[in-house]
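These protein sequences, in sequence, are chains A and B. Residues 0 to 583 in numbering that gives the first Met the number 0 are what the first sequence lists, from first letter to last. Residues 0 to 286 in numbering that gives the first Met the number 0 are what the second sequence lists, from first letter to last.
Worth flagging that the hints you see were computed from the coordinates, not collected in a lab.
Take a look, some chain B residues computed to stay more than 10 Å from chain A by CB distance:
hint	residue
1	V146
2	E211
3	I242
4	A253
Covered by chain A, per the in silico footprint, the following chain B stretches (three or more residues, Cβ under 8 Å):
hint	segment
5	86-100
6	110-117
Predicted model only: the values in this text are computed from it and were never measured. C-beta atoms are modelled at their ideal positions from N, C-alpha and C, and glycine is treated no differently.
Residues per chain are reported as follows:
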Amino acid sequence: MSDTKPPLAPSVVHAPASHWYRAIVAGAAILAVFVAAPIFGSAYMVQLVTDILIFTALAYGWNLISGFTGYLSFGQVSFYGVGAYATGVMVVHMPIPWYLAVCAGGVLAMLVAVLIGPIMLRVRGILFALSMFGLARIFAVLFSDWDYAGGGNGLTLPAELTPVGVYVFAGLLALAGFSLNAWFARSGFGLDAMGIREDENAAAAVGVPTTRVKVAAFALSGVLAGLAGGLVAWNRSYIDPPSMFDPTIDLQTVVFVLFGGMGTIWGPLIGTVILTVVGEQLLVHFPNLELALYGLVVIVTVLLLPGGIVSLVNRWGWLPRPIVLAPRALPFGEPPPPRAAPPEPSVPVLAVDGLGVRFGGLVALDGVSFHIAPGETVAIIGANGAGKTTLFNAITGFVPPTHGDIRLRGRSVARLPAFRRARDGMARTFQIPRLMRPMTVWENVLAAARHGRQGHRAVAQAAWAVHTVGLADLWLAPVSQLSPGHQRRLEFGRVLALDPDLVLLDEVMAGMTKDEQEEMRAVIRHLHGFGVSAVAMVEHVIAAIADLSDRMIVLDFGRKIAEGTPDEVLRDPAVIRAYLGEPQ
Amino acid sequence: MLLLQLLVDGILLGGTYVLLAQSLNLIFGVMGVVNLAHGSFIVLAGLFTVWFAAHVAISPLLAIPIAFVVLYAVGAALQPVLLEPLMGLGMQQAELLSLMITFGLDYVLIELGLQVFGSNYVSLPYLQSTWTLGGITVGKSLLVAGVIAGAVALALSLWLNRTGFGKSLLAASQSETGAVSVGINVRLVRLVAFAVGVGLAGVAGTLLILVEPMAAETADNFTILAFVLVALGGLGDYRGVAIASVLLGIAQSAVGFYLGGDAENVLPYVLLILFMAVWPQRFRRAA
Chain A
0 MSDTKPPLAP
10 SVVHAPASHW
20 YRAIVAGAAI
30 LAVFVAAPIF
40 GSAYMVQLVT
50 DILIFTALAY
60 GWNLISGFTG
70 YLSFGQVSFY
80 GVGAYATGVM
90 VVHMPIPWYL
100 AVCAGGVLAM
110 LVAVLIGPIM
120 LRVRGILFAL
130 SMFGLARIFA
140 VLFSDWDYAG
150 GGNGLTLPAE
160 LTPVGVYVFA
170 GLLALAGFSL
180 NAWFARSGFG
190 LDAMGIREDE
200 NAAAAVGVPT
210 TRVKVAAFAL
220 SGVLAGLAGG
230 LVAWNRSYID
240 PPSMFDPTID
250 LQTVVFVLFG
260 GMGTIWGPLI
270 GTVILTVVGE
280 QLLVHFPNLE
290 LALYGLVVIV
300 TVLLLPGGIV
310 SLVNRWGWLP
320 RPIVLAPRAL
330 PFGEPPPPRA
340 APPEPSVPVL
350 AVDGLGVRFG
360 GLVALDGVSF
370 HIAPGETVAI
380 IGANGAGKTT
390 LFNAITGFVP
400 PTHGDIRLRG
410 RSVARLPAFR
420 RARDGMARTF
430 QIPRLMRPMT
440 VWENVLAAAR
450 HGRQGHRAVA
460 QAAWAVHTVG
470 LADLWLAPVS
480 QLSPGHQRRL
490 EFGRVLALDP
500 DLVLLDEVMA
510 GMTKDEQEEM
520 RAVIRHLHGF
530 GVSAVAMVEH
540 VIAAIADLSD
550 RMIVLDFGRK
560 IAEGTPDEVL
570 RDPAVIRAYL
580 GEPQ
Chain B
0 MLLLQLLVDG
10 ILLGGTYVLL
20 AQSLNLIFGV
30 MGVVNLAHGS
40 FIVLAGLFTV
50 WFAAHVAISP
60 LLAIPIAFVV
70 LYAVGAALQP
80 VLLEPLMGLG
90 MQQAELLSLM
100 ITFGLDYVLI
110 ELGLQVFGSN
120 YVSLPYLQST
130 WTLGGITVGK
140 SLLVAGVIAG
150 AVALALSLWL
160 NRTGFGKSLL
170 AASQSETGAV
180 SVGINVRLVR
190 LVAFAVGVGL
200 AGVAGTLLIL
210 VEPMAAETAD
220 NFTILAFVLV
230 ALGGLGDYRG
240 VAIASVLLGI
250 AQSAVGFYLG
260 GDAENVLPYV
270 LLILFMAVWP
280 QRFRRAA
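Just need the whole structure built from these sequences, with the hints factored in.
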């Protein structure tokens, strides 16, 4: 799979030196402002900085779920309001100090996120966005009917003045938000989240427990919003449903992060500070135009600078995105350790029994059964619409089977989620490589190597896979700059990094030139040498795979119509009919 | 008899919903964009109707063509600037950015409504009397609004299915590539779809104000309502959406009668989350 023209000469082969001293300077400057404001500034100044800090925390919370994980939320105010009400109710009805009440509010918001997360996070995009918005409206109605919490009249908290306490708490909260975001940007967990953002199914296919990661990101974003709400409740001494579940708080949060840069470490802080300070000035001149102003900023930012301020300063090399867990230079790495011999070597690697898949009234697969023994390469062929890709999707866990069973090394996996099957030894490719496009080669491979392995082992295995597929020179290149051939290689690197027992290749040769097909064939022949026990291929180009496969299985309209050696199958009259139609 | 009463009210309420949902459906179907500013167009038209009735003092129903023409023009002016630039991007990117843009636009329009018409809830005292027929009492305003909105929605579906341009709109919503390859000007189709969708949102607003009070800040309730109907009825499925509208109208009348106004208002939100819990595949296709 070598490309005659490499798409780019990699300018960076070593990971960029970390600019930790810059971070220290920036941190010191922020700390100086934080300390100086209450000493030299007026009470107004302290309140302004407090508001900025609280909004920074909200913005960082939103960035976790929407910026890093890709689930656009228009209802963070649900958590904000729950935190505010928990704090308010506790302070009014129980003898506990305000800061503990605020913390309890944060915990409660997190619990809400954990409870509703598995439902809300099922479908991303507009559905998640609007469901979150709707959730906030539901909460607003529930709280206005709850008399213990003041009902529609709101709740008045004891008006104790603790500006310094609130100020410090807000500072710590913003710092916690920043730290969580920095952790997301640099850690394996964050890599999982970003994998979900880029392509959820592809992430599951390399072993990312998508639901768990999403719910965790959601819960963390909920804690930040809940704590922010609790702090605001205490600071204002009065809460009511309209102001605590106010959708314009979400508008502001979205504007701040978008303007600063979504999915970046510094974006939420930059956006919040600039827009709050500029907004204060503008609103003096144009009072009551807050909503229109923020709305316009959203529109203009999306149209002109969708990456926000951070993408602008990136052009001068400032605030670069850290590359997740990248060593200073690519190590040689180690291949995966040899797999322990299976207890019963004769058990098929993959056994499919009477598999059926139905989409509504359409029968896509009907009672398909076959086995793949250790050491075998099996091709699954059939005309368009025969059900080949559906078969792979059912085997790998992306389509629920309506009946039948799938066993991997004798163990049924038909009810396991896709990521489990990937960890248990199934690796697949997609018809069009589905990679994390803005991320580097390194991160794409590491994402697959990480699961079920300790950190240093994962790094070694990822490095080995990058070398093995010949992308060592491009290890820090973003996928979007790779040629299609290199992307295919990277996809194989990801497969190898998983250290799979069974590899499923979905039309890897479609659209390839003869030369490219030849290289791909060599790769497939080599797969068994990398600890892969069995290979299943779905293919359209029969000539290219006939001599690679030990056996062929032919599907037609969702049924298996033939199985045998390539010679037998290609002479089978039923197969010829299925491909060429009835003789006239 | 009570059930029959609730049924009649519900069907008429559903009639007003059909138009609001189909106008969103049209934009969603052709452009793949959920217009989060939909509700603010509706509310602006509703508030305008109240102003119109108070100051121009002819029948408020004359506001219908005015709202349509003005908002059609607004839609036609906004679409090339705000949404057309996003159309070349990948699906996921386009969805994200179009949500953001229309979210921003929503608040610009809400602020516009607040500045021009104020922040109070307003309603339109028009056709306040009722007709009683065989024990069933029907508010004239609800009857007029439900019937006209249903008729306009029917006209929309006739336009889509019977005329050449309407068919090219439907074609573009089924497959953009297919539409391009048979020589349809997809850019123009998208522009007209958005403009007609926004114009019809205006018509829906002038009719909805007859049956429920509005304030600038209630705009998002209508957006959500329209979206829930489209999601339940099925993307691009005009018949499904019509059925969903009538069913939701009936459900809301019943819930409002038995559980009160708050429950009636949050019903669409609850349905949205409930369906997400039990039937997410349906939404996945629509999303």
